[in-house]
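Here the protein sequences come in this chain order: A and B.
Residue 47 is where the first sequence starts when you use my numbering, and the numbers rise one by one after that.
Residue 47 is where the second sequence starts when you use my numbering, and the numbers rise one by one after that.
What the hints contain is simulated information worked out from the structure, not anything from laboratory work.
No residue lacks a Cβ here, since even glycine has one placed at the ideal position from N, Cα and C.
Some clues are possibly wrong.
What the hints assert, rightly or not - No more than 25 Å apart at the CA atoms, straight line, and that leaves these computed lysine to any residue pairs for SDA-like:
(1) A:Lys-123 to B:Arg-349
(2) A:Lys-139 to A:Asn-114
(3) A:Lys-291 to B:Arg-349
(4) A:Lys-292 to B:Ala-265
(5) B:Lys-142 to B:Gly-115
(6) A:Lys-458 to B:Val-456
(7) A:Lys-292 to B:Lys-142
(8) A:Lys-292 to B:Pro-400
(9) B:Lys-237 to B:Asp-96
(10) B:Lys-156 to B:Arg-349
Stated by the list, open to error - Now the in silico label distances, taken between C-beta atoms and shown as ranges:
(11) A:Arg-247 to B:Arg-138: 39 to 45 Å
(12) A:Lys-121 to B:Val-431: 31 to 37 Å
(13) A:Asp-439 to B:Glu-342: 45 to 51 Å
(14) A:Lys-458 to B:Arg-119: 55 to 61 Å
(15) B:Phe-306 to A:Asn-420: 46 to 52 Å
(16) A:Asp-112 to B:Pro-276: 52 to 58 Å
So you can see what is in the structure, the chains are spelled out below.
2 protein chains.
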Amino acid sequence: MFTPLRGAAIVGQSGGPTAAINSTLAGVIEGCFIEKDAITKLYGMRNGIDGFLDGRYCDLSAIFSDENGSPDRDKIKMLETTPAAALGSCRRKLPKPADDPALFETLVGKLKELGIRYFFYIGGNDSMDTVAKLSEYLRTSDYEMRVMGVPKTIDNDLMGTDHTPGFGSAAKFIATEMQEIVRDCAVYTVKAVTIVEIMGRDAGWLTAAAALPNLVSGAGPDHVYLPEVPFDMEAFYSDIEAAFKKHPNVVVAVSEGARFADGRYVGESAQSGAADVFGHKYLEGTAKALELVVKEKFGCKVRSIELNLPQRCAAHLASAADLSEAELCGEHAVGSAVSGVTGSMVAMERAENPGSESGYALKYVTKDVSTIANAVRAVPREWIVPENNNVTDECLRWILPLIQGETEPVWKDGLPVHFVLES
Amino acid sequence: MFTPLRGAAIVGQSGGPTAAINSTLAGVIEGCFIEKDAITKLYGMRNGIDGFLDGRYCDLSAIFSDENGSPDRDKIKMLETTPAAALGSCRRKLPKPADDPALFETLVGKLKELGIRYFFYIGGNDSMDTVAKLSEYLRTSDYEMRVMGVPKTIDNDLMGTDHTPGFGSAAKFIATEMQEIVRDCAVYTVKAVTIVEIMGRDAGWLTAAAALPNLVSGAGPDHVYLPEVPFDMEAFYSDIEAAFKKHPNVVVAVSEGARFADGRYVGESAQSGAADVFGHKYLEGTAKALELVVKEKFGCKVRSIELNLPQRCAAHLASAADLSEAELCGEHAVGSAVSGVTGSMVAMERAENPGSESGYALKYVTKDVSTIANAVRAVPREWIVPENNNVTDECLRWILPLIQGETEPVWKDGLPVHFVLES
């Protein structure tokens, strides 16, 4: 008979927030309720490893139980539709265990004190690095604890998984706003260029998602520019000229990470010539930099828009597919750990499912986390058109299943209700 | 027995788009179906007066009828949840009739040719000016045509009406995004200031709406800065210091129109010292200008966010109350015109309704348009706190009924479906 490792569990959130990271937390909570024979209690780190090292944690089993000790589904549902990271986050990157064994000793000592046998960490690249280093340290220790990473990043740039929870919701928000912006810009007959800047410094997945309306309704940007390929100013001008032949309202999306062939960012800050009313030096964004240059070149109305933080926190427009997958990743982490897996990250594998309408299905697996951390997955070259100014329909069809379905937050007085952990 | 003026009608949209202007158009269409004994047909101007003078119009009665000649409700519903202006827009301001009588003669000639007896124009200040001037001209002409304005502007700065259709949806979007941004910023424990720039150059209604979460959930900005009162840099620094005493994540909202006591805009462009990679002069926004100066003063992480165009086109998050009121304004314009009103704008009057839960009710009336055009309604001084860094709860309670209720766009492949007029 299989006797699972028995003890408490702890979960933390780390790195930048997303609209889906709380759904993953909900999945870990649900998973611990399911595995209650092995997991006696679930703690939450406040502000990730950082807060935990400072002695800050909470009792999630108590917070998410109803009076009968069963999961409080209303509270869990509210958590799922809350943006940001309910436990708080941090940006700490751990040193190598060999460089600072005392730190790891302290950390493991504190975990031991609470009887923790299961450690779940939800995050992106840096967080998976934390999982890898803690696992490495534990192999040299006599304390048995299973360590699992659960992926999260709107950038979709983690290796080893088909895509990352958080990406689908950001993509849905970006695609919806792009479609609305394109409709808005189309109302006038005077020539105008609108340049929309999209997050993702090293990978162009989110910028690619800006083109989704082209596949669905036709109301998408004329061109999109990804950081994976060099940005060419003359080609950009030609693209705008070509778009003006089709309609007076040109809309393009550009990655914040767009770079010239020589490696300089298009939005590179100017370090000389202070010029504003406060006498400050000027740090401009990619879209703003292009706005100024296009205005001069074409002499028409030019507007730049940075979609900014709402890309990662617009929970009111989260993708139902994304939230559901995020939750299943959390549950799978718990189930896998209880069945013996450690030092791994939950990953999704895309399967063909000719039975489903979209042909899309997922398999949840685990991957050795040491093979995943610290690498960036870019948009494949063959999904960017040879002219470097758009993505292929194949790329868009690959993203499309990830933005399907709408979530239903609880509304009160006209605003979504969020779950808030008392401090 | 009352014999109404019988003939065709025409409707146009003008000025900046909003998430609600198509609901008003839907109301005019519905109104014309209701008044079919008087109104034989409804035309739509393409791109407002501008397009109509160029001979561009369409047959809305045909487009929005089903095969039995009844209103096509599915199409009308889709129109209501479509952002921007379905008929297209323009920014033309007409001259005084005395200055260019030939233009008015041409315009009225073209209307006469189509047998138009009812003229509906949906827009803001400039559009009401058009309605006023056309009415003035008609008083000297022997052609009987009734001219009605229907208000629209996200800025809520029109005189003569309790509020304007379009404002509620923009306010709901701003308040929702502010709440999400506040949640997002709260995940870290390091000191940071986030400055969110809100539309509304001359009136602070939308910036006031950014504070709505403070009334509903407490998760709103620490301070809001309206263009109605002077912006004081030293007071702004003190406000940030005071907020830091409460929490490490300070979030403020500031109007794009914020001005110093001497009248200079906070985001005033610097006209000297070209400095970017292209050698361009720098035009900065209000939030960006403050970002640079706060970064220098406090040495902490500072982020600026411009909510930008989505404020006026985020139909996916429109206020149900706003869309419904916008539609009723359109219907009321038609009903009033048929009953003999002309040279007027539809207006809303707020009535006390102790029977309803919110105590909020509206009455639809008409006002002489010549008393409305070309004036700006600001946020009353007594609704801004004496320190000039926030609005009062009374102000927020006044805005709150306008953001109530969520709309349900039709979704296809993960994106909202919009109504598009064929060209």
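Verification of the supplied hints:
1. A:Lys-123 to B:Arg-349: 31 Å, violated
2. A:Lys-139 to A:Asn-114: Distance of about 40 Å is beyond 25 Å: violated.
3. A:Lys-291 to B:Arg-349: Given pair Lys-291 (chain A), Arg-349 (chain B) is violated - Cα atoms ~38 Å apart, limit 25 Å.
4. A:Lys-292 to B:Ala-265: Since the Cα atoms of Lys-292 (chain A) and Ala-265 (chain B) sit roughly 45 Å apart, the hinted pair is violated (cutoff 25 Å).
5. B:Lys-142 to B:Gly-115: Status violated; Cα separation ~40 Å.
6. A:Lys-458 to B:Val-456: 23 Å, holds
7. A:Lys-292 to B:Lys-142: 36 Å, violated
8. A:Lys-292 to B:Pro-400: Status violated; Cα separation ~55 Å.
9. B:Lys-237 to B:Asp-96: Violated, at roughly 52 Å.
10. B:Lys-156 to B:Arg-349: Since the Cα atoms of Lys-156 (chain B) and Arg-349 (chain B) sit roughly 53 Å apart, the hinted pair is violated (cutoff 25 Å).
11. A:Arg-247 to B:Arg-138: 39 to 45 Å: 43 Å, holds
12. A:Lys-121 to B:Val-431: 31 to 37 Å: For Lys-121 (chain A) and Val-431 (chain B) the Cβ distance comes to about 35 Å; the hint holds.
13. A:Asp-439 to B:Glu-342: 45 to 51 Å: 47 Å, holds
14. A:Lys-458 to B:Arg-119: 55 to 61 Å: 30 Å, violated
15. B:Phe-306 to A:Asn-420: 46 to 52 Å: At roughly 48 Å between Cβ atoms, Asn-420 (chain A) and Phe-306 (chain B) fall inside 46 to 52 Å, so the hint holds.
16. A:Asp-112 to B:Pro-276: 52 to 58 Å: Since Asp-112 (chain A) and Pro-276 (chain B) have Cβ atoms about 53 Å apart, the given range 52 to 58 Å holds.
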